[in-house]
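Chemist: Here the protein sequences come in this chain order: A and B.
Under the numbering used here, the first residue of the first sequence is numbered 6, with each subsequent residue one higher.
Under the numbering used here, the first residue of the second sequence is numbered 18, with each subsequent residue one higher.
The hints are simulated quantities; they were obtained by calculation from the structure and are not laboratory data.
No experiment lies behind these values; they were computed from the predicted model shown.
Wrong hints could be hidden among the right ones.
[Said to hold, decoys possible] Not everything, but these chain B residues come out facing chain A in the computed CB check (under 7 angstroms): (1) H63; (2) T70; (3) L78; (4) G81.
Don't be surprised by glycine CBs; every beta carbon is placed ideally from N, CA and C.
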Amino acid sequence: MKDICRILLMGNPNVGKSAIFSRLTGARIVISNYPGTTVEFTQGQIKIGSQRPMVIDVPGTYTLEPTCKAEEVAVQMLKTGDLVVNVVNATNLERNLYLTFQLLEKNIPVIVALNMWDETKHQGIHIDVKKLEEKLEVPVVPTCGLTGEGIKELVDRFPDVEPLKIKPSTDSEKWERIGDIVEEVQKLTHHHHTLLERLEELSIKPFTGIIIGIAIIYSSFWAIRFIGEGLITYMFEPLFEKGWLPLMNKLSAFLGEQNFLHTVLIGNLIESEINFGQSFGLLTTGLFVPIAMVLPYIFSFYLILGILEDFGYLPRLAVLVDNLMHHLGLHGFAIIPMMLGLGCNVPGALAIRILEGRREKFIAATLMAVAIPCMAQIAMIIGLVGQRGGKYLAIVFGTLFLLLIIKGLIFNKVLKGASPEILIEIPPYRLPQLMAVFKKLWMRLYGFLKEALPFVLLGILFVNILHTLKVIEFFSNIFAPVLSGLWGLPKEAISALIVGFLRKDIAVGMLGPLNLTTKQLVIGSTILAIYFPCIATFVVLIRELGIKDMCKSAIIMVVLAILVGVVLNLIL
Amino acid sequence: MIVDLTKMHTGESGVIEDIHGGHGVISRLQSMGIRPGKKMTKVSSHFWRGPQTIKIDKLRLAIGFGMAKKIFINVKR
Ligand SMILES: Nc1nc2c(ncn2[C@@H]2O[C@H](COP(=O)(O)OP(=O)(O)OP(=O)(O)O)[C@@H](O)[C@H]2O)c(=O)[nH]1
Ligand SMILES: [Mg+2]
Numbered sequence: 006m007k008d009i010c011r012i013l014l015m016g017n018p019n020v021g022k023s024a025i026f027s028r029l030t031g032a033r034i035v036i037s038n039y040p041g042t043t044v045e046f047t048q049g050q051i052k053i054g055s056q057r058p059m060v061i062d063v064p065g066t067y068t069l070e071p072t073c074k075a076e077e078v079a080v081q082m083l084k085t086g087d088l089v090v091n092v093v094n095a096t097n098l099e100r101n102l103y104l105t106f107q108l109l110e111k112n113i114p115v116i117v118a119l120n121m122w123d124e125t126k127h128q129g130i131h132i133d134v135k136k137l138e139e140k141l142e143v144p145v146v147p148t149c150g151l152t153g154e155g156i157k158e159l160v161d162r163f164p165d166v167e168p169l170k171i172k173p174s175t176d177s178e179k180w181e182r183i184g185d186i187v188e189e190v191q192k193l194t195h196h197h198h199t200l201l202e203r204l205e206e207l208s209i210k211p212f213t214g215i216i217i218g219i220a221i222i223y224s225s226f227w228a229i230r231f232i233g234e235g236l237i238t239y240m241f242e243p244l245f246e247k248g249w250l251p252l253m254n255k256l257s258a259f260l261g262e263q264n265f266l267h268t269v270l271i272g273n274l275i276e277s278e279i280n281f282g283q284s285f286g287l288l289t290t291g292l293f294v295p296i297a298m299v300l301p302y303i304f305s306f307y308l309i310l311g312i313l314e315d316f317g318y319l320p321r322l323a324v325l326v327d328n329l330m331h332h333l334g335l336h337g338f339a340i341i342p343m344m345l346g347l348g349c350n351v352p353g354a355l356a357i358r359i360l361e362g363r364r365e366k367f368i369a370a371t372l373m374a375v376a377i378p379c380m381a382q383i384a385m386i387i388g389l390v391g392q393r394g395g396k397y398l399a400i401v402f403g404t405l406f407l408l409l410i411i412k413g414l415i416f417n418k419v420l421k422g423a424s425p426e427i428l429i430e431i432p433p434y435r436l437p438q439l440m441a442v443f444k445k446l447w448m449r450l451y452g453f454l455k456e457a458l459p460f461v462l463l464g465i466l467f468v469n470i471l472h473t474l475k476v477i478e479f480f481s482n483i484f485a486p487v488l489s490g491l492w493g494l495p496k497e498a499i500s501a502l503i504v505g506f507l508r509k510d511i512a513v514g515m516l517g518p519l520n521l522t523t524k525q526l527v528i529g530s531t532i533l534a535i536y537f538p539c540i541a542t543f544v545v546l547i548r549e550l551g552i553k554d555m556c557k558s559a560i561i562m563v564v565l566a567i568l569v570g571v572v573l574n575l576i577l
Numbered sequence: 018m019i020v021d022l023t024k025m026h027t028g029e030s031g032v033i034e035d036i037h038g039g040h041g042v043i044s045r046l047q048s049m050g051i052r053p054g055k056k057m058t059k060v061s062s063h064f065w066r067g068p069q070t071i072k073i074d075k076l077r078l079a080i081g082f083g084m085a086k087k088i089f090i091n092v093k094r
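In isolation and in its complexed conformation, chain B is listed as follows (with noise of 0.2 angstroms):
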């Protein structure tokens, strides 16, 4: 099944699926090691539509919520 990252479960893993957004945005991410193909794992997620944060290897990235929602993610349900 495949949520945006804001639906996903803290703790819960997935395989980054496909990234909307402007060639800046992707290719930013992408810089960062936030790229598809890649899994990673939700850590938290914060109040109000607050930041997302989540773990890539030995990784750690917080990714503001409107921006969390343009990352797709295959998770296991």
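Bound conformation, chain A alone (with noise of 0.2 angstroms):
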């Protein structure tokens, strides 16, 4: 056998190659029930005797002849690769077919992942494997990536793994012969339809699947609510005011007020007391502000959405939404990056990969920066206007969607082009596992535990340097006009708007200390999420859209933020 140092996971979109990936490998990464999850290749290493190559997981790809970014990423790797592991989905043999005598004929070793093997059986699907390898001529192995079946016989093939010489044929040619396979090898018996399949046909049915999406949505909103203010109320806010506080204010009395280390650590004393929400220390708003006010949140959310993801409802209200998002210029795929962006707009930028055109990521990506807050910010925006009254809340939300319409609406009348057609496939409904949930939610809050708190924490630290340097004095005094007199805000606002390019969340808590009328509160939130995205998100939409795309979209960001601002000030 010879040396192999790149093994390249390939296959149609959604046949369960993160979830080979992950079982191979041990590596965290996102595995859902829909196409395009996976849209940049992820690597890492498994062992093989002596031998360490790499395994990389590569996006979904119906063919090697690329037709979106994701797909361009998957042809480009397999130049790369050695081996390929073909993962193919066993209840749609026919269909992967194609794309593994495409890959046999760039004459790379391939192996086939036979996976899905475990729904075959529920299915009425019976392969002949032996028959299937004889007829391909490489080695098949029946997997499931859900549980690690099958995965060790895999590896244990690797090494007899060898390149066919087979000469290219055209797609008529390759459909006929898979057609002569598919025939021999796979026998399907009669099954009765389960429940899920009955559910299945009804979402995607117009007048249920709107009755069904509109539940769901609904009371996905109720539960994250429920759920995050649950968690603050029950548990993080008594575990900070009980448990955190004493010791702050000891630490607070051994530091004694009016010196730099009491400013930074613990921050301004209100009323001569502690404030976990005002006073800005890195110890106290610092750590309640992630923990207590953000965190409980983002737990929610990405519970509920991971439900819905594993479930494989995406795709389905993909469908229904389709007409709507036409009109903004886009389709219906377009609500994945959406939805994934209400999580953190990180993630949403990367997914916007799975939109076609130029003109579509481009509005997208604009939609989301502008109209889009991540969960951290919504959370504080709860926190702190909430308190005003739901009504506010409802204003700032609502501003925001307004925008989102409006926006699209325009985008579509004045870009050139028109918006494309939607083409996906609508997996079957899977019933969430309990173990692959709680992992993928750990990796996202792990994740957001690892970027927000050293954010945070470096985001309170500069502005207490720049307060100290007066350095925010002499912005605040710049950006006074467009701050007072356009928008109604007290120019130390500024600072609030320098933090948002460090984080949104730890922005909007800045609002706090600022006494601000509920007017001004609304508008600043408000203000917070359109003027810019976050500097993490604005990099990936640097590398997905272009610098020139992106200034534009900026530009667009900034005048947005302007306008909207002094319209909220003349009418509330």
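Since each chain comes alone in its own frame, lean on the hints to assemble the complex.
Modeler: Shown next as structure tokens:
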């Protein structure tokens, strides 16, 4: 056997490549029940005897003639591999074998993982693996990405793989051969429709689909709010008030007020007490905001999203909203980056890759950056604005939603071209596995803490230093005409806008100590959502859109922020 | 009788006869399993020229209205 250095996992979208990748390498990766989950390649190492080859999880593709950025990545990766593990969905053998033949014709070593093997049994599909192996002339191993069955056998057969010498054939020749093979190796027996399959039909029919859709969205929002609120009120707030506050009081007394260290660690005392929301020290607000105000909502959001993802609901939602999205210059599939963006704009921005054209990407990116606040920001807005009454929450989110619609409508009219048509595969419903849901949830929570905590702390430190150096004063005087003149905000609000480049949650939090009126708070938090994406999102967007489109998009954001601020200031 | 996909009734089955359009569209559809000669069933059709959903073997797909107009199916009526 020749040395294998790079093993590529390739196959159609949603066949379980990432599940197998995670089984092979133990690496954490997002696995969801919709096509287009993986848009970038991920690598990890495995051990085979004394060798330690790289395994690469490649975005799913239907063909080696790419039609979008994610598929382009897949095709480029192909040139770099020594061995391709072609993951095939055993319940859709015929369609999947088309890519298999395209791969075989590249004359690189291929081994077939016949995944979803467990599902063939329920569906009355019988595949003669030995015979399939003979026909394809490459090793074929049945696997189950969920349980890990067959993965060891798969790895054991890596050394058997030899490149074939196959002459290129036309598409119709390929389909003819595939037809013959499937005819010979696969037998179908009758099976009864399950309850889930009934539900599948109902949720993509227009009437029942819309009713089910509204019910699911409504109950999801309700559950997110309920769980998030519950965690804050019954767990995190008591934890901070009863557990952490006494410690901080001692530290505060020990340090003594009115010195730099006290300002940095504890912050300002509000009515000679520590106020977790307003003191703005690293150990007070710096921990309270990300952990007690934001984390509970991140938890509840990703729990619900994870269940919806694994169940397979998102592509159905895409079909239902397709029509509406066309008016905004997008198609239904764009709902998926938007939903991910509600959690965090970074994965949302990455997922824009599943959209085909430059126009669509530009529209989706700009709409998301302006009108889709991330969950961290939403949690802070709920925490701050919500105190003043639910009505004001409705004004903030209503404004953002209206902006999304109006902007989409205008883009669709003004930008040349038309929105492409939706064309997606709708996976079967799968019952979410508890372990899988919690693994994914943990991965996302960990990601949040890793990103958010340092940035929030950095932001607070940064502002404290800028304050001490009087830099903030300088900027607040420069921007006072816009801030006070146009938006009716105090000029000190500039520090929130500055920190907003780093992180939006803590930026909203900075509005807290300014003693704003309700109107000012509403305007301030709305503008913070609109004016610019956080730095992490910005970097991804530059890469995805290119510098030129991103500049255009950024100008639109700033102009919109100014406009919306003025309008709100006038009408509220 | 040959009709385009949008004119099929919900629940009706037929055999794909022809797909019109450029090379790109045709090869994309075919790689997803939508190609002449395949038997398919229409599952649903959404309001206001919305997407059409179909079933081919165990596959379910949603196709935008404009693209569905270019897929012709031989149905028994
Ligand atoms: N029943 C069953 N489900 C599986 C199996 N392998 C994966 N799944 C599920 O199938 C869905 C898709 O799995 P992924 O690993 O995300 O698929 P992928 O091929 O990486 O998909 P893309 O990244 O979108 O191309 C997930 O919901 C998995 O839990 C399997 O062997 N059996
Ligand atoms: Mg994947």
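Chemist: Let's test the interface hint: is any C-beta of chain A closer than 7 angstroms to that of B:G81?
Modeler: For B:G81, the interface hint holds, since the closest Cβ of chain A sits about 3 angstroms away, which is under 7 angstroms.
Chemist: Let's test the interface hint: is any C-beta of chain A closer than 7 angstroms to that of B:L78?
Modeler: holds (5 angstroms)
Chemist: Let's test the interface hint: is any C-beta of chain A closer than 7 angstroms to that of B:T70?
Modeler: Since chain A brings a Cβ to about 5 angstroms from B:T70, closer than 7 angstroms, the hint holds.
Chemist: Measuring from the C-beta of B:H63 to each C-beta in chain A, is the shortest one below 7 angstroms?
Modeler: It holds, given that the least Cβ distance between B:H63 and chain A is near 5 angstroms, below 7 angstroms.
Taken one by one, the earlier hints all hold for this structure without exception.
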